[in-house]
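Top to bottom, those sequences are chains A and B.
Under numbering that gives the first Met the number 0, the first residue of the first sequence carries the number 0, and numbering increases by one thereafter.
Under numbering that gives the first Met the number 0, the first residue of the second sequence carries the number 0, and numbering increases by one thereafter.
Bear in mind the hints are in silico, worked out from the structure with no lab data behind them.
Glycine included, C-beta positions come from ideal geometry on N, C-alpha and C.
Treat the hints with caution; some may be incorrect.
[As the list claims (entries may be wrong)] Sample of chain A residues facing chain B (criterion: CB under 7 Å; computed from the structure): (1) 231; (2) 232; (3) 234; (4) 235; (5) 238; (6) 239; (7) 240; (8) 241; (9) 297; (10) 300; (11) 302.
[Said to hold, decoys possible] One-sided excerpt, in silico: chain A residues whose CB lies under 8 Å from chain B: (12) 175; (13) 177; (14) 178; (15) 219; (16) 221; (17) 224; (18) 228; (19) 243; (20) 244.
[Said to hold, decoys possible] Cut-off 27 Å, straight-line C-alpha distance, at most; resulting in silico cross-link-like pairs (DSS-like, lysine-lysine): (21) B:170 x B:106; (22) B:349 x A:218; (23) B:475 x B:259; (24) A:218 x B:383; (25) B:170 x A:218; (26) A:352 x B:383.
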Amino acid sequence: MTTPVKNPETKVKRPDESLFKRLTRQQLFIPVAALALLVLFNLIADPSFFMVTVKENSLGNPVLSGNIISVLDNASELVILAIGMTLVTASSGGQDISVGATMTIAGSVILRMVCGGQVNADTMQMNLFLAVFIGIVVSMCFGAFNGALVAYFNIQPMVATLIIYTAGRSIAAWINNNQLPIINDVAFKYAGTFLPGIPVPTPVFITVLMIAVFWLVLKFTNLGLYTQSVGINPNSSRLNGLNPRMIKLLTYVILGVCVAVAGYIRISRSGSINYSRNAENIEMDAILAVALGGNALSGGKFNIYGSILGAYVIRFLTTTLYKYEVPSTALPAYKAVVVILLVVLSAPVVREKLASMKKAPAKAVKEVS
Amino acid sequence: MRALQDVDFTLREGEIHALMGENGAGKSTLIKVLTGVYPKDGGEVHISGIDGAAVIRSPQDAQNAGISTVYQEITLCPNLTVAENMYIGRTKGAMTNWKAMNGGAGKILQSLGIPASPNQQLGSCSIAVQQMVAIARAVDMECKVLILDEPTSSLDEQEVVKLFGLMRDLKAKGVGIIFVTHFLEQVYEVCDRITVLRDGQLVGEYVIEDLPRVQLVSKMLGKELDDMADIKGESDGGAVSLEGSPVLEAEGLCSSAGIKPFDFSIRKGEVNGFTGLLGSGRSECVRAIFGADHVTSGSVKMDGRSVRIKKPLDAMKCGIGYLPEDRKGDGIVGDLSVRENIILALQVMKGFFRPFSRAQAEDFADEYIKLLEIKTASADTPIKSLSGGNQQKCILARWLLTDPKYLILDEPTRGIDIGTKIEIQKLVLKLAAEGKSVTFISSEIDEMLRTCSRLIVMRDRKAVGELKGDDLTQTKIMATIAGGDEA
């Protein structure tokens with residue numbers, strides 16, 4: 000009798016351990032699996048997808064080119080936004096839908112500064128760093144506006160940020176007197192294209208820098224603990240000495256910084272601006288990235304790396320679809336199909352079901368491809 | 000376990016009947032069974048005019064049978080007019096006869112003396128008037144039985160007077176009213192009879208004249224006056240230092256939570272407590288001390304030096320810890336791990352830019368998990384998956400970790416198993432022996448007697464007495480809680 004009793008005990012422990020490991024992995028499971036599947040799909044369908052070649056760009060510099068480089072490059076704005084969006088989601092249980100509009104405002108401000116009011120400037124009229132700094136400050140102000148509405152007036156985040164979502168692009172146009180200034184200074188485009196002599200696109204470096212900054216901030220401050228605590232239980236947080244409103248506001252201001260950086264990258268890709276089309280619908284992708292990262296859109300616990308992965312998944316998917324010459328008008332439909340699958344799979348209801356079935360996740364995920 | 004067992008309840012025509020009992024006594028359950036919100040497992044309901052047992056399976060059935068309920072939180076629509084609110088869901092067909100509706104509403108309002116016009120938006124009326132409109136709606140549905148669940152908890156004194164006037168009018172018209180409240184004064188002001196429930200069982204039905212307050216309190220708490228042996232003698236924790244220097248002194252403290260200004264002080268190594276019935280203002284007092292509610296007046300001295308406590312962090316920096324009454328709503332941060340929950344308060348005090356290292360946090364958590372014997376799979380387990388008692392121990396650990404000079408424990412033993420209860424009581428006495436001051440609040444008088452050397456008695460949001468030394472007996476405490484006609 001003793002051995003059969005002992006056996007189950009040890010057997011019980013093992014699944015417990017693997018279940019525990021699964022739990023820690025679970026949040027990142029969906030984005031990682033999705034990314035792996037996309038890679039696998041491309042490897043099987045056409046390995047040349049991963050080919051990286053060296054080409055000369057318009058300035059005659061040798062630069063890396065290829066689909067992977069394109070994914071890493073073009074995902075930059077989205078990744079940076081997703082970081083800020085994760086914090087806002089965690090603290091306030093809602094999302095900021097004005098990020099695309101605010102990116103345009105920040106871009107417009109920076110453009111106005113470097114063009115010095117001219118419509119067509121050949122050289123920068125202001126120190127670039129100062130111009131970007133001003134852009135960041137303006138964007139932080141808009142973030143503070145959103146945050147104040149959410150934290151101090153208890154307005155639902157989506158409604159509060161609808162204001163800037165609606166008005167933001169007009170404000171951006173107004174900043175430049177409704178003109179479309181163009182800057183032809185090569186140095187302005189360094190951030191959005193390539194630095195001289197460096198073959199990797201600059202946005203990749205900026206993104207890595209931003210991720211590193213947030214890694215350090217989350218490690219060396221209590222931003223993570225406070226944000227989650229406030230998002231989960233504001234009453235209890237307050238009784239532990241936190242100021243939930245202040246922390247919500249703070250996350251919106253931090254998102255403002257992210258938005259400005261993303262806006263700067265976007266504007267420096269071309270050196271010009273299209274108020275109505277600049278970063279159009281990026282807010283939806285940013286929210287999606289947070290969701291794909293396994294973060295609850297109702298706030299609370301978060302994993303910033305999940306959102307970052309989510310952003311890359313979205314971009315990888317878009318690039319894959321482009322590669323197979325899906326017409327750009329049909330792109331959203333294809334994307335939607337994949338997104339539905341991913342979101343349904345990452346829904347807690349489905350995840351619980353999957354966790355209760357052995358090896359079922361692998362099978363279910365395969366259906367995605 | 001049954002929430003309600005073999006309870007008989009009789010309401011006569013034209014009487015106001017108080018339904019009394021502490022939390023969990025089964026008042027709400029009884030009302031919900033009567034109104035068809037909960038299904039009943041057994042028993043029958045008879046209503047005059049209806050032959051045999053009335054069939055009440057849904058709130059709609061209850062309404063048809065003539066039972067109307069007005070809940071504590073007003074369940075009307077503030078952005079509709081008074082008349083619309085009175086007739087909502089009762090008009091037949093798709094068309095509304097506005098004229099008839101407003102006219103009808105006006106008549107009822109007038110007959111009940113409610114100062115509101117039918118066209119007025121409900122939201123623009125005072126809470127008392129809104130409550131009255133809810134009652135008017137119930138009355139207009141020709142109810143024979145009107146249930147008022149804590150109608151006075153959000154009203155001020157004048158509004159209560161108005162409401163009572165209305166209740167007496169209805170009584171004169173033959174309506175039977177069931178009145179649920181925590182305010183003893185109000186019961187003795189308007190009610191004719193009292194039914195007392197305790198732990199889901201009927202204690203008895205009494206005519207108000209036959210039941211002095213102190214008897215009522217003893218019935219509610221389940222202690223017969225005769226066999227209330229003075230257990231003070233058994234305890235050794237009580238009568239500690241009445242000399243030591245005061246740690247905290249508060250004078251005329253008053254908060255936005257609606258308590259009367261009170262004075263309070265506690266000495267080093269002292270355990271004192273607030274006692275009183277639920278809703279008497281016990282928690283509001285300690286919340287005012289901790290700065291959890293907005294403090295409107297009064298002064299606080301900590302170790303003889305005057306301090307300003309405007310928010311919880313101020314109190315924490317003065318060395319005060321506070322374990323709140325509502326563990327789930329105000330205590331735990333559910334999705335965070337046991338470790339994060341334990342270090343939270345100390346971490347907040349340390350500051351935003353100085354997080355504990357992972358190793359340090361683990362040390363703290365492990366130390367207290369061991370010290371308080373918290374049963375958890377690991378320090379990484381989300382606190383919400385722990386049992387109530389263990390969650391409470393985590394919150395205790397959180398405050399012990401901050402090494403407070405003065406610890407406030409508001410109902411630390413509610414809803415947790417007996418073993419943990421005793422552990423917590425022992426811990427309180429141990430803390431006092433170490434020179435810390437503790438304020439201990441509990442609904443169980445036994446517990447308070449075992450731990451506290453001084454009790455402040457609250458009644459109807461006012462501090463009405465202070466008991467210490469030989470006065471610390473159940474008899475005396477209950478008499479003070481009851482007030483008015485001392486037995």
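Can you give the numbers of the hints that this structure goes against, from lowest to highest?
-> 9, 11, 12, 13, 14, 19, 20, 25
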